[in-house]
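Sequence lines, in order, name chains F and B.
Heads up: the first sequence at position 226 corresponds to 245 in our numbering, and the numbers run straight through without jumps.
Heads up: the second sequence at position 111 corresponds to 130 in our numbering, and the numbers run straight through without jumps.
Hint data in this document are derived by calculation from the structure and do not stem from the laboratory.
There may be inaccurate statements among the hints.
Straight-line Cα separation of at most 27 angstroms, BS3-like style, residue types lysine-lysine; simulated pairs [as the list claims (entries may be wrong)]:
1) B:Lys182 / B:Lys246
2) F:Lys246 / F:Lys182
3) F:Lys182 / B:Lys179
4) B:Lys246 / F:Lys179
5) B:Lys182 / F:Lys179
FRET-style restraints, in silico, Cβ to Cβ [to be verified]:
6) B:Pro242 / F:Arg237: 28 to 38 angstroms
7) B:Pro313 / F:Arg128: 18 to 28 angstroms
8) F:Pro242 / B:Asp253: 49 to 59 angstroms
9) F:Arg35 / B:Pro242: 34 to 44 angstroms
10) B:Gly86 / F:Phe140: 53 to 63 angstroms
11) F:Pro139 / B:Gly196: 56 to 66 angstroms
12) B:Glu113 / F:Glu56: 30 to 40 angstroms
13) B:Ser153 / F:Arg237: 43 to 53 angstroms
14) B:Pro242 / F:Asp37: 35 to 45 angstroms
15) F:Ala66 / B:Val110: 35 to 45 angstroms
16) B:Asp118 / F:Asp125: 44 to 54 angstroms
17) F:Gly363 / B:Gly196: 32 to 42 angstroms
18) F:Arg319 / B:Asp253: 16 to 26 angstroms
19) F:Arg296 / B:Gln34: 33 to 43 angstroms
Covered by chain B, according to a simulated footprint, are these stretches of chain F (three or more residues, beta-carbon under 8 angstroms) [to be verified]:
20) 173-184
21) 263-269
22) 286-297
23) 305-318
None of these values were measured; they are calculated from a predicted model.
Even glycine gets a Cβ: it sits at the ideal position worked out from N, Cα and C.
There are 2 protein chains.
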Amino acid sequence: MAEGSDRFLRACRRQRVDTTPVWIMRQAGRYLPQYREVRRNAGSFLALCKTPELACRVTLQPIDLLGVDAAILFSDILIPLQAMGMSLDFVEGEGPVLDRVRDTADLNRLRIPVPEEELPFVAEAVSLIRRELSGKVPLIGFCGAPFTLACYALEGGGTKDFKRILGWLYGNPEGYGRLMDLLCETVIVSLRAQVAAGVQAVQLFDTWAGVLSRRLYRDHALPWVRKVFAGLRDLEVPLILYVNGCAPFLEDMAGSGADVLSVDWRVSLAEAQERTRGRVALQGNLDPRALYAPASALRREILAVLAEAPASGHIFNLGHGVLPDTPVEAVQALVETVHEAGRGGDLRL
Amino acid sequence: MAEGSDRFLRACRRQRVDTTPVWIMRQAGRYLPQYREVRRNAGSFLALCKTPELACRVTLQPIDLLGVDAAILFSDILIPLQAMGMSLDFVEGEGPVLDRVRDTADLNRLRIPVPEEELPFVAEAVSLIRRELSGKVPLIGFCGAPFTLACYALEGGGTKDFKRILGWLYGNPEGYGRLMDLLCETVIVSLRAQVAAGVQAVQLFDTWAGVLSRRLYRDHALPWVRKVFAGLRDLEVPLILYVNGCAPFLEDMAGSGADVLSVDWRVSLAEAQERTRGRVALQGNLDPRALYAPASALRREILAVLAEAPASGHIFNLGHGVLPDTPVEAVQALVETVHEAGRGGDLRL
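Bound conformation, chain F alone (with noise of 0.2 angstroms):
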């Protein structure tokens, strides 16, 4: 196996590696004229996410333009939750929109999905992935994590105030803890079939829970994360959790069962690995926004990153997926002063 190959799974594990992996949050996506001209092909985002062939394309357009250390399947967080029943449809310009979940007897229409039956596409799309990389670099699988979709499902799409969300949780936590409990089955089960099929790492996105105050976090959404990642450890695949706004929970998060913590840009990388003890590898961090910088900017800002990171087990990445009208000339730079600098190249400020 050749260096560059695994050395994304290596830094998982905080072994020793040739120089820092990179991999980018929505590195396939919109600010890719090649993703553009297969979306449009496509006729919708979900045609997209569902036809293995289309999703394989995409998800493999990042590794040659960009010479990124990991594949991640291309798919969309809220496909479990259609797969539970839910009608979905993402609106031009207003993102997401689902039916949403109302009250607790609407619980009942939620069914923990049978992935055979209800996500073929996906396992189809993973072999195909694996099949066309050919051991180049591995494929990372994800899922929304509980806490995350459902926010979805109780606010019907994106939310500024997350106060549906918010309600049931102070004022319902019985039904709060039916739907965590179904959310919880459905991502184990959703992310076992990845794996199955093939994906060699996983990321769980709680991308909102940093809309939680840390006592709210500690009590109504880590454990389900817990259980997700209690419910995957016998597949042996490195287990990745993402939190957008994570500063606070951070220890939390390092007792999740998590392999690795995908910081966002807010806190330094110094920080996460002192409140983390070393327990976990870290991934991350730059802001997204640097990528809008001129170069000399965007390299100082990178070096700053990679000054903060650990020794070993650190995986780079954006705090956050990367922007629609991201030039892609900078991303490139990106990948290319990552590998460079973490040979040994000139890590000065």
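Got chain F; can you put chain B on it based on the hints?
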């Protein structure tokens, strides 16, 4: 002076109090029917801010209706930008719209306002309010902090992605520094004028600084906060610093010259106290959405905040402004619960 009247100022100075003082960010606002009536008759939001009699009336409403321990001047953080020479409009349902600063040359449009000339209505409102309050509770003044004002000046209004401000910060450090210097001077003269007119404490709202990494916060926002506080120190009024999403910055904020840190709900007051080592008083930090919860859950959340609060030097508040459709009775219950529990009532959860 009656016990209740100096509770807030004493807590700011970490002196003994008879019970925990409480006020609510945006306590004079849309959730109050009495406010909505005055607002309707004022014609426009800006007219309400700029007519001293009306600003006075809405400032006083929550004092009697809620029984809070401080009044806060009714105004808007964008009014100093208008006084600097930027056009400002509030578009219904869209929020503020400014003719944004597009390039470094545009900075020449901006001037440091002379409060007596460009902001006379502020001092008039302050005098009126102080007279009407006649010592019942103290009056807080406020201003946006330089970074948060720079966001508005460069983005031209609200934003989700903060691309322009970060574009300046990364790509035009000289222009960024000039803008921040101008804003810093404006904030100092505005707040000095408020104190001269009679406000007894000031709060600096760096609401949006939470979008920055800790490194950028220390290099590109905090230095100007320090300068503002240094420029107010001789006035001997308590200085309060608010950042939404302050968890990564608590140590830095404690060294800013602030007497009080206003903390959002994501981080616990116990952690904030530990990390600031008792150098400052703490204000906060109930999640505003707890006010939608059933009465028993709201009470539990309030007591949980109080249980984590320091024994002295705590001012109860929300972690962010009260939301527009919050039930008034919930806010009233909050004030009562805090006062009762702070008097040595039942603090068990």
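Are at least 3 residues of the segment 286-297 of chain F within less than 8 angstroms of chain B when you compare beta carbons? Contact hint for the segment 286-297 of chain F vs chain B: holds, 3 residues under 8 angstroms.
Starting from the hint 28 to 38 angstroms, judge whether the C-beta atoms of proline 242 of chain B and arginine 237 of chain F obey it. Hint holds: Cβ distance 35 angstroms, inside 28 to 38 angstroms.
At least three residues with a C-beta closer than 8 angstroms to a C-beta of chain B: is that true for the segment 305-318 of chain F? holds (count 8)
8 angstroms C-beta criterion, at least three residues: is the segment 263-269 of chain F covered by chain B: With 3 residues close enough to chain B, the hint holds.
Aspartate 253 of chain B and proline 242 of chain F - C-beta distance against the hinted 49 to 59 angstroms: Check passed, 52 angstroms falls within 49 to 59 angstroms.
Does the beta carbon distance between arginine 35 of chain F and proline 242 of chain B stay inside 34 to 44 angstroms, or does it fall outside? holds (40 angstroms)
Measure nothing beyond the straight line between the CA atoms of lysine 246 of chain F and lysine 182 of chain F; if it is 27 angstroms or shorter, mark the hint as holding. Since the Cα atoms of lysine 246 of chain F and lysine 182 of chain F sit roughly 25 angstroms apart, the hinted pair holds (cutoff 27 angstroms).
May I ask you to test the hint 30 to 40 angstroms on the CB atoms belonging to glutamate 113 of chain B and glutamate 56 of chain F? The hint (30 to 40 angstroms, Cβ to Cβ) holds, given that glutamate 113 of chain B and glutamate 56 of chain F are roughly 34 angstroms apart.
35 to 45 angstroms as the expected CB spacing between valine 110 of chain B and alanine 66 of chain F, which holds or is violated: Check passed, 37 angstroms falls within 35 to 45 angstroms.
Holds or violated: 33 to 43 angstroms for the Cβ distance of arginine 296 of chain F and glutamine 34 of chain B? holds (38 angstroms)
Whether the CB-CB distance between glycine 86 of chain B and phenylalanine 140 of chain F falls inside 53 to 63 angstroms: Given range 53 to 63 angstroms: holds, Cβ gap about 59 angstroms.
Holds or violated: lysine 182 of chain F with lysine 179 of chain B, Cα cutoff 27 angstroms? At roughly 19 angstroms apart (the allowed maximum being 27 angstroms), lysine 179 of chain B and lysine 182 of chain F satisfy the hint.
Checked against the numbered hints above, the structure violates hints 4 and 18; every other hint is satisfied.
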